[in-house]
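Using the hints provided, position chains B and C relative to the given structure of chain A.
Protein chains in written order, with my numbering: chain A, 73 to 483; chain B, 334 to 583; chain C, 748 to 1413.
Think of the hints as simulated: they come from the structure by calculation, not from any bench. Check the hints yourself; a few may be wrong.
Unchecked claim - Listed next, the in silico DSS-like pairs over lysine-lysine satisfying Cα-Cα at most 25 Å (straight line):
{"no.": "1", "chain 1": "A", "residue 1": "Lys317", "chain 2": "C", "residue 2": "Lys1020"}
{"no.": "2", "chain 1": "A", "residue 1": "Lys360", "chain 2": "A", "residue 2": "Lys451"}
{"no.": "3", "chain 1": "C", "residue 1": "Lys1020", "chain 2": "A", "residue 2": "Lys244"}
{"no.": "4", "chain 1": "A", "residue 1": "Lys244", "chain 2": "A", "residue 2": "Lys451"}
{"no.": "5", "chain 1": "C", "residue 1": "Lys1020", "chain 2": "A", "residue 2": "Lys269"}
{"no.": "6", "chain 1": "A", "residue 1": "Lys199", "chain 2": "A", "residue 2": "Lys439"}
{"no.": "7", "chain 1": "A", "residue 1": "Lys451", "chain 2": "A", "residue 2": "Lys439"}
{"no.": "8", "chain 1": "A", "residue 1": "Lys478", "chain 2": "A", "residue 2": "Lys439"}
{"no.": "9", "chain 1": "B", "residue 1": "Lys464", "chain 2": "B", "residue 2": "Lys407"}
{"no.": "10", "chain 1": "B", "residue 1": "Lys441", "chain 2": "B", "residue 2": "Lys464"}
{"no.": "11", "chain 1": "A", "residue 1": "Lys478", "chain 2": "A", "residue 2": "Lys269"}
{"no.": "12", "chain 1": "A", "residue 1": "Lys317", "chain 2": "C", "residue 2": "Lys1137"}
If you want the building blocks of each chain, they are given just below.
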Amino acid sequence: MKRSLAAVACAAAVALTAAGCGSEPGSADSSGGLSGDPVLIGVQAPMDGAAAYPQSGYGAQAAEKYVNEKLGGINGRPLKIQLCAGDNSPETAINCANEFVSSNVAAVFDAYDATMGAAVPILTSAKIPIIGQLGGQGIADALPAGQAFYLSGPLETSALGSMTILNQLGKKTAALAVTETPSSHGYVDRLIQPIAKELGITVSPMYTPTSNMNFNVMAATELSGNPDVAGLIALPEDGCTGLIKALRTQGFTGTVFAGSCSQFVTDLGGQAAGAVVQPRLWVPASKKNAPAEVQTQLDDFAAAMDAIDRGDEQSARSLYSFGGMVDLAKIISGIRGEINPDTVTTAMTQVKDYQTFAGPTVTCDGKQWPGRPSSCSHKGIFFEVQQDGSLKPVDPNGFIDLDPSKVPAAA
Amino acid sequence: MPDDVLLETRDLAAGYNGVPAVRGLTLSVGPGEVVALLGPNGAGKTTSLLAMVGLVAPLAGEVRVRGEPLGRRKPHQIARVGVLLVPDDRGIFFGLTVREHLRLAGRKNDPSREAQVLDSFPVLRGLDGRKAGLMSGGEQQMLAIAKALLARPKVLIIDEMSLGLAPKIVQEMLPAIRDLARADGIGVVLVEQHIELALSIADRGVILNHGRVVLRGAASDLLRDRHLVEAAYFGAEEFASENDDKTLAV
Amino acid sequence: MQTYLQFAVLGLGLGAIYIGLGTGLLLVHRATGIINFAQGAMAMWGAYVFAQLRLDGTLMLPIGSIDLGRRPTVAVAALIGLVTAVLLGLVAHYLVFRPVRNAPVLAQVVVSVALMITIQALVVLRFGPNNIKVDSILPEGSWSLAGIELSSREILMTLIMAALSAVVWAYMRFTRAGVATRAASENERAAVLMGFSPDRLAAVAQVIASVLGTVAVTLGSALTGLNPENYTLLVVPALAVLLVARMESIGIVVVAAIVLGAFQSIIGLLVTKPWWPVWAQSGFDQIIPFAVVMVILFVLGRRLPSRGSLQTVRLPDVVIPRLRLVPAVVLAVVGVAALALTSGSYRFGITTSIIVMLLALSYVVLTGYLGQISLAQGAFAGAAGFTLSKVTSNLGVPFPLSVILCGLVASALGMLVALPAFRIRGAQLAIVTIAAALAIERFVFNNYSLTPPEGNPIAAATLFGINLSVREGRDLSRLSFSLMVLVIAALLVWMFIRLASGDTGRAFLAVRANERAAASSGINVRMTKLIGFGISAFIAGIAGCLIGLSRGQLSAESFTVFAGLQVLAVAYLGGITSVGGAMVAGVLGPLGIVYVLLRGVFDLGAYYPLISGLGLILTAILNPVGVAGATREQVAWVRRRLSRGGTAEPPPVADATPKPKEPSHV
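For reference, chain A alone in the conformation it holds in the complex (with noise of 0.2 Å):
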């Protein structure tokens, strides 16, 4: 009898391996048919783990693709990034940039990912240059100069963004959820609180882990103290819809503040009426009313992303890696001679008053932001969710500027 419970089990563990060993989707041939060494680029995006966003990683191979087939590689060159899948643990972070390290690459894209501090010390060690669209653990972005660039900012430009936007819209109280994290306790005692102190506004966080989010008790929860405003700071997509119908189904009627999210508003339809919301970049939701050059890029990331099997996945992450790494594309395109680590670090320490996909212009000189030499840019985008879940800049001109002084002196 053992014997054969041996043999079953051997054969479905053979199975089960086996059967996972099929092709995945996007794994077709994004080379777009160039000839001539790749130039390397290593993507780390939050793909599996209990605070993933698999978006990012996609917008990375939609941008490969596009980078390869639509703006003729980097200088002829076929781009190739190598996608490592963070699951929210340092220690994938540490054997990704291990990974890194030992296949050259000429640079580390950070695809949002929350882990990326546990990398730092590795990349760093090995004179790599870490290039993202935003920052999302203080590590990285806190970097000296020359070592990390974040184009349309640090983390304190969602901690200042948010705040700013509360208090133009005379907001006092708010009640924000943010997952549980202690790099989120971080954010929230640094940079939250003492912002919002700064501009007049009492904000009551509330941590929530993750893998246990009851929407019900969340939205109960916020509610008890009655504020003015209700909603995130960062949660999951998930998470943000879940918490947002049942804000909505309790009985909220004030303003929904719903960090960057964005899938609550198809998912939600009416009820996501009057939300604000603080992406970094125009968000495919906000086409309507974008200027036309943005529309144009947006319908070529749609595109991109159609071209991947991806064209559900077109959230905020997915265009912040997209994004991204197309403005890497471009401004390395613009190395003459070898492309590795140092050229492209000097490459980016050269950007001046460039206009990013879908973003903000940037100049990369370090001086954009006080204390935060990685910084390319200080300027926010905000928008209210309209009844016909279209996405409308609260400011007309689209990015405003924020002030940096109001953020405490960086440590």
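Leaving out everything else, chains B and C in the frame of chain A:
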């Protein structure tokens, strides 16, 4: 006799970790018969019983019920075939009530059988809702046997019933068991330390020592020739051998 | 006040799940004596199948899937989910639990932990690691009670689960099978003698438990979405509920489950209050089940029912190790060569293997030698690692003093856990340790006050001017670091061998075999246990420090409950009773050399827990001495053959049937 044999062991050897505690055991029980299996401590009586109901796998020989070898059947299957053992720990459940015991015992609801059994053990009638753990030793033993009888066994094996019981109670219970056995055609194997008591109601006796049968015969004969029984009990191991199975002739 | 009531009601969602899992645990324990750590994982499989069907009409099977074309109705999907639960219960019984019914408690605990890991890994592989939405079977709404709006879904859920529990209670009370199950749990042999197959009763119990759990999770997960990590670990509070009910009373299970769920929900509200201390904000709701478990076991420990089953299988034998010079030197040379001749991620893999070997060694000391079951070694390692971070960053303590100090901290923690071990053992100790590990992970490692957001950096070690850091520039795995790890490991192994072959080792083995007998031969059982836990935790602590040094950075994810269980799995797989086993465990362990090699071939990441889980189930059932033990047996067989020259006389045979074994002493 062969047609009538309910339970029979042929050259049965059984033990633990490969070491036999009993060897060459051949005995049989027919309907309505009471066979007393006697012997001093460590003689191999309990092991023999465990082997008969499949709780110990035989090292050699076999056990047959109604001519069919038991083979590799599991103990619970052997119980269902109708060979029931009342073990030395009585085999009852302290947390369950008398009613629950009886409920478990009968395969189907059998009120007439239940009435019949309870007639033999009327004390149990008044203890219907009592938890077995709260009953006296005698009551527990009655419960143990009553529930076995309720299942209409073909063979009833009782291990050391008199242990911890006042002799008076045992003296009352044993005849009741014998009468029920005769009435239903059940074969009874009785393992006992108390020689007189056992042989007084048995038809035949088998005496084990050092793992072997050293003496067997009709109960009345054994009772009469007490000295042989004593010799069997106190016989040294060197003198017990394969061929020592003495049958007491009339 | 009314907010509190509302929150209490909201907590009934969890309460309903606890009712389902707790009743299932109780039933299975009654029927088999086994505490099924995999109850939560088993319950979530059926719920996942339901959720996926409602999402896109795909019927997900362990291997492959069936596309139904259209999304089925809620009723049909739920029915399919329940059928899945029935099948899972049967599979779990026949393939996993039945083979270990008469095995020692350690094997039973290990097998159910292995099943937990396996199912969770399979869920991640088939359904993905992220949250998935679950259709709500019950309608949303609220009821008014004295003017207070209470959420109706949660109340309905709880009523349904309480009713189902009542059905189980009636089963145990009034049906023949149920009464037989109770009888068998008290005296299995007597039940067998009455014609009942405890096996069949156990199968029924497993199926009922699986179905009950699946209903509970299907209903309850509509509130939060399903995700593999959370629902697998809900078994821990359910175990607390089980203990409160003294493992016998379904009524108390229902009440305790409701109270616990409501309480955890209210705590969730209280932690958001401004007056709640910051250091107690994260994970406080996990402290409660742990505290409950500790208190109950302390107070009631000895009087909790443990099942009298017919135990016929023994624990794996321990081979007293001897330090033999030649093999030791050979091993050392092989180690140095392996490190020197590789580089980059391969060297890193070998180095990690050495560290995992130390973690496995800590299990060998505690479980193999002392016979105590602890699922908390990961927490000890983590405690040392985090302490190292504080000690080097804030206090600037130099290496190697820092590592020794942190090892001692882990040791102290281990001895603290030894205290419950004085009064409880076996599966109950396993429950305490897993509850402790979960509480430590959520409340201590994840605690914002203790672990700053920059993370927990660990400064590189230097000794007499030699730079022992793990990386520099492009060199990802410096030889000096790896050699340092090798030296430390060799020291610890030497220390272990000295210990195991001496009086302390014998004392351990005596306590493992039979505590009472050990006590009556003059061994101080308490002191022995204390020493055992202390040493085991020390070794785990050193391993934790080395993990920290090898990464430069630590977080709560480094030392989760699951990480600890993974190491237990490979430790048992390699062989829980010997140093050789620990070495095999290191080679096979997570992020070790085999892992690195296979990762190059295909994306091993998600498959590793599945394979190690399956491997552990097999080992626990077939071969408790593990790979190392099996190898030893093979080697010994070969040696016998060679020395005898092939003319062995056949042993005297009187039997064609397998020999019955004498009852185990454990």
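Here is what the structure says about each hint:
1. Lys317/A / Lys1020/C: holds, 24 Å
2. Lys360/A / Lys451/A: Answer holds: lysine 360/A to lysine 451/A is near 22 Å, not above 25 Å.
3. Lys1020/C / Lys244/A: OK: lysine 1020/C and lysine 244/A at ~18 Å, within 25 Å.
4. Lys244/A / Lys451/A: Roughly 23 Å between the alpha carbons, so the hint for lysine 244/A and lysine 451/A holds.
5. Lys1020/C / Lys269/A: holds, 18 Å
6. Lys199/A / Lys439/A: holds, 21 Å
7. Lys451/A / Lys439/A: holds, 13 Å
8. Lys478/A / Lys439/A: This hinted pair holds, its Cα atoms lying about 16 Å apart.
9. Lys464/B / Lys407/B: violated, 29 Å
10. Lys441/B / Lys464/B: holds, 22 Å
11. Lys478/A / Lys269/A: At roughly 10 Å apart (the allowed maximum being 25 Å), lysine 269/A and lysine 478/A satisfy the hint.
12. Lys317/A / Lys1137/C: With Cα atoms ~42 Å apart, lysine 317/A and lysine 1137/C exceed 25 Å; violated.
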